[in-house]
Structures are given as structure tokens and as C-alpha cells.
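> For reference, the chains in residue letters:
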Amino acid sequence: MLELIKNTIDFLSQPSISLTMILVAFPFVFPPTEKFDVWHRKLKLHKIWTKQGGMIGLVFITLYFFLGFTDEHFSLILKKPDNVPIIFIIYSVLFFLWLSMYQAYENDQRLAAGEPVAEYYPAKEKVLVWPDLVFIEFIALILMTVFLLIWSIALPAPLEQAANPTLSPNPAKAPWYFLGLQEMLVYFDPWIAGVLFPSLMILGLMAIPYFDRNKEGSGYYSFAQRRKSIFIFLYGWLVLWIFPIVVGTFFRGPNWNFFGPFEEWSVAKVVALSNVNLSDYIWVKMLRIGLPSNPLIRESVGIVFILAYFGLIPIVLARGKLRALPEKLGPIRYGLIVFLALAMMLLPIKMYLRWTLNLKYIIAIPEAFFNI
Amino acid sequence: MADNERKSLGSRITGSMIWTSIFRTPFPTTRSERLKSILNNVFLHLHPAKLSRHAVKLKYTWCMGGLSFYLFIVLTISGILLMFYYRPTVEYAYTDIVDLSEQVPMGIMREIHRWTAHMMVITVLLHMFRVFMTGSYKPPREFNWVVGVLLLTLTLFLSFTGYLLPWDQLAIWAITVGTNMARATPFLGHEGPGAALLAIGDINLVTMSSDVRFALLGGRFVGESALLRFYVLHCVALPFIIMIMMSVHFWRIRRDGNISGPL
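Read top to bottom, the protein sequences are chains A and B. Going from the first sequence to our numbering is simple: count from 1 and add 6. Going from the second sequence to our numbering is simple: count from 1 and add 9.
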């Protein structure tokens, strides 16, 4: 029975399956439109953001880690001192997600009933920072200090053999907060996974206040008033940031192969790599004439593909579904938002192309290190 | 005379000439003293003297910004202590780290530094999350959100540069993996797209020994000069920048109307 559960979790943890489940569930859990909200309520998913929902979630995650700590393979990974923060981050990200959504839904109900939000107090009702805030901060600092002291006494900081540039460990992993980038390296070349995407992440985060022109929902937790912006942010935060970190930390073993949490990290595991470029598909497999020597002709289909993706989709959307947006936001703001949103979608798109078609590169010009 | 004898030790201290010379207001007991105690103290005056009731609630703030600042102070103090024992050379770095745990009595300073660094990354991330979920980036706080994103980036860089310093296998390979990506920087890395365009005639300007990765490592691989560069970045350059940015961040919180809240 236990083995069956573990095997099921191993199976479900594969990025192709877990990501699909997350992506399908995402709009129903965080409904970006009223239509999805109807389904959200029909499926009773709003109950996740109640106290009972939070407790059930807590029990499940704790059971998962309990199973992990008692398992001979998973416990090796969980007990690595540098992986302890990941356990904290899983708990804290989910807890604070729940806490913010819980308060947001409470406020949504108040707003729907025409009441002021929970954060609202009449202007005159102010408290003195000494003692009301200073003491809270003081207690928080003491608790944090105690926590850090216990952590430091209980767990020695890891120290391996002295550095040896001739002996590379397998797998060689970046620090945990960069493992999301390392995980993206599976699907993209370093200039995208390690340089372009992180830059876009930072710039995109910085641009949020200039993109989001919605004046509502400032200074209190709310969801209904800012569905779309919260949906996009949570997609970036949970799917593109936290999820790859967790996969990179827990599920990537020797040779960066996938290993289920309860699987043994065996160096012997062989995964056949037979990835094919889009140009190979077209010139060799479909047209059977071999690759043209000029790289621009060879990659023309991929180039058209990428240009259409970033060039045509914004125009089509501006004429169709998102007709109101360009006028409301201005053409520059609209263009940048759609560009960043398309860039955010590029990762799952490339992932699925890899999993279904074994596609290596959409554009492959290794002569100029230009592979997408 | 009898009055004097009944005075407690505490009030003797707080009433003494030394105490009153240090603290501009006595230990606050009245409302006006409480207000003044914030205004007259250089550290406490980061805060306003009065706040809306929601702003002091843990449920609203999660205290993550304050904790991040506190963890930065813990990191500075423990980092300074570590600098007494640590020499950033290939010859000594690793053995100095070993000595820290084996020769220093109660040597947990390295643990405190490392775990606090992990914790700070988490608290900064959660602080960003809280600020987003309360919509606190909206006008007039747009620019402070930008400063906050820069602070998050600096926090990650600080943690990353510190990762190399123990000079063990974990350290150099993590930094090797991380910095290898820099060689693919468009135009500026020698394996990046467009780098071949930066050439005069046949001579490439961006090569293995002139690209952005070389600038970061001070060499073509993670070695002696990389260790020194990361040490200087970690202990001097980045803390200097992050402290300036933090000052801007805190100043702007006050100028932009203190902590966000419903109107």
C-alpha cells in the first residue's frame, strides 16, 4: 500500500505531469475572469482559502514530508543541510499564500456587502508606535534569533572536500534560489535560461506598478478587484519561480535526470536523448532534401515561427479578444505587457514541445550561439 | 530624603545623569513621552510616531520587511566576526573554514551566517509577495517597489557571492555552474549570440579572456582571483550598495505616506 502511494507520487512528480496538473488547475484555483470564478465556486475550490481548507492542506504537506523523512531515498535529499531552507520555503510560501487569499476572500465578501475592508479604521483611530509596534518588532526579533540559534546549533553548515577543479560532482547544483534557472537550462540555452529570462524577470517585476493601472485594491488584501494582475503574478511566482526550484532541488539527480522523490539517485539511470531540431524535422524528415547550408534559409521556419509568436499574436489579440486594452493602456504599455506575457508562456510551450515532439531547438544557429 | 530611598534601581538608572545624557527622552510613561521617544531616537525614527491600527497587525504586515532588515544586521555582525578568521586565498580559505568549527570554542558563527543568509532570501521573497498581495506597489509607491526589486536582486547576489568563500567542492561547482551562464550573455559573453559581431576586422573583441564572465571571475576559470573578487564583492561592494538602496527604501516608505493601507 505504502509502496503504491510512493510510486504514484513518483509518477505524478514528473515535470510533464505535475506541470500539466498545475497549469490546468491554476485558472480554477485563482480564477482570472468571472467565468472561471463561476466554476471555481461550483467546484468548491474557494474552500481552500478557509480555515478548514488551510488545515487540510497543512496535514497533506506534513504527511508528504513525514513520508519523505521515513523513506530511505527521499530522506537523504531532505536531510541535506542546504535543502532545509527549501522545506521552509514550501511551508512558508503555501502558508502565506493561504493567509493572503484567506484575508482577500474575507475582504471581497465585505466589499460585496458594501462594508469597509478589514484593514479599514477611522482616520482618528491611530496607535502609538511606542509601544504598539516597537514591542511587536522586539518580540519578532527575539523569536527569530532563538530560531536561528537553534537551527545553527542543531545543523552544522555543510562543508565538503576542499575545492578540486578537476573533480566535478554529479550533479553539480547551483545554490537553491538559482535552481529554477538551472532547471530551465534543460529546455533553453544558457543565454535564455541564465541571462535573458532572469533579466526579463527582474525588469518585469520592476514594471508591475507601471503596467497595473487598476487603482482598486491598494493597501488591503483583495482578489475580486484585481483578479487578472494577481493571476499573472501568481503564475510567475508559483509556476515559473517556486515550482522549478522545487523540481531542481528535489527531483534532479545525477546527469540532471529526473528522479521521483522516493526513487534512488542512481548514476546508472540512462535517459535516451533523441532531441531533434525543428529544421531537421522540416528539411530532413518532411521534405527529405537535407539541410540547406545557409543557416537563415535552414532556420527560416523557426524564425518565422518566433517572429509570428512575438509579432502577430499581440496584433491579433489587439483586434480580437483584448480589443479594449491598447486604448486603455496605451500602445507601448500594451505591447510590453503582451511581450512579457508571451515570454512567460514560452517556458511551458518549449517544455511541452520537448515532451511531445522531442523538439530540441525552434531556431538552431549554433554558428552564432543563437538557439531558441 | 525618604523619597530618595524608596526609588527602585531601575528608576535610579534611568534618572541618572549618564542615562539622561544618552536618551533625549526619559523611559516613556506618558503619551507625549511615547511620541517623543520615537521622534528623538535615530533608530526608532525610521518609524512614524503614530500609525493606523491595521499597520501594526502581524496579519497585515507579516513583519517580513522588518525581519529582512534585522537579518541583514545579524549577517553584518556575524560576517565581520568571520572576517577576523578568514583569508580569501586558495591556500588558506578552506582550512580557515575548517578551523572555524574545530578550533573556535562554540564555533557556530558560520552556521549563523549561512542559515541567516538562507532565511533572508526567504523573508525578502515573502516581503515582496506580501507587498504584491496588498497592492502596496500602486501609486504613490511605484518607485519604492522598483527599489525593492533591486534589493531582492542584491540579496540574491550577496548570497551567491558568499557561496564561493568556503572554497569546498560545493562552493566552486555551484559558482562554476552559475557563472558558466555568463559566458552566454548576448554580445558580452564569448559564447553568446551576437558576440562575433563585436570585432574589428578578423580580431574578436569578445573572447574567453575579455568577456563578462572573465570580468566576474578575474580569469578563465573559478580560481584565485575569482575568490578574491567574490570576497570583495561579498564583504564590501555589495553591502555598500545594498545599504544605500535600503536607506532609499526606508526613506521612501516614510515619504510615500508610510505603510500602505485603505484610504
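Please note that the accuracy of each hint is not assured.
What the hints assert, rightly or not - List of simulated lysine to aspartate or glutamate pairs, EDC-like, C-alpha gap at most 16 Å:
{"no.": "1", "chain 1": "B", "residue 1": "Lys59", "chain 2": "A", "residue 2": "Asp114"}
{"no.": "2", "chain 1": "A", "residue 1": "Lys53", "chain 2": "A", "residue 2": "Asp114"}
{"no.": "3", "chain 1": "B", "residue 1": "Lys45", "chain 2": "A", "residue 2": "Asp138"}
Quick caveat, the hints were computed from the structure, so don't treat them as lab data.
> Holds or violated: Lys59(B) and Asp114(A), Cα atoms, limit 16 Å.
Answer violated: Lys59(B) to Asp114(A) is near 28 Å, above 16 Å.
> Holds or violated: Lys45(B) and Asp138(A), Cα atoms, limit 16 Å.
Answer holds: Lys45(B) to Asp138(A) is near 14 Å, not above 16 Å.
> Given the hinted pair Lys53(A) and Asp114(A), is their Cα-Cα distance within 16 Å?
Given that 16 Å is the threshold and the Cα spacing comes to 14 Å, the pair holds.
Going through the hint list in order, the structure does not satisfy hint 1, though it satisfies all others.
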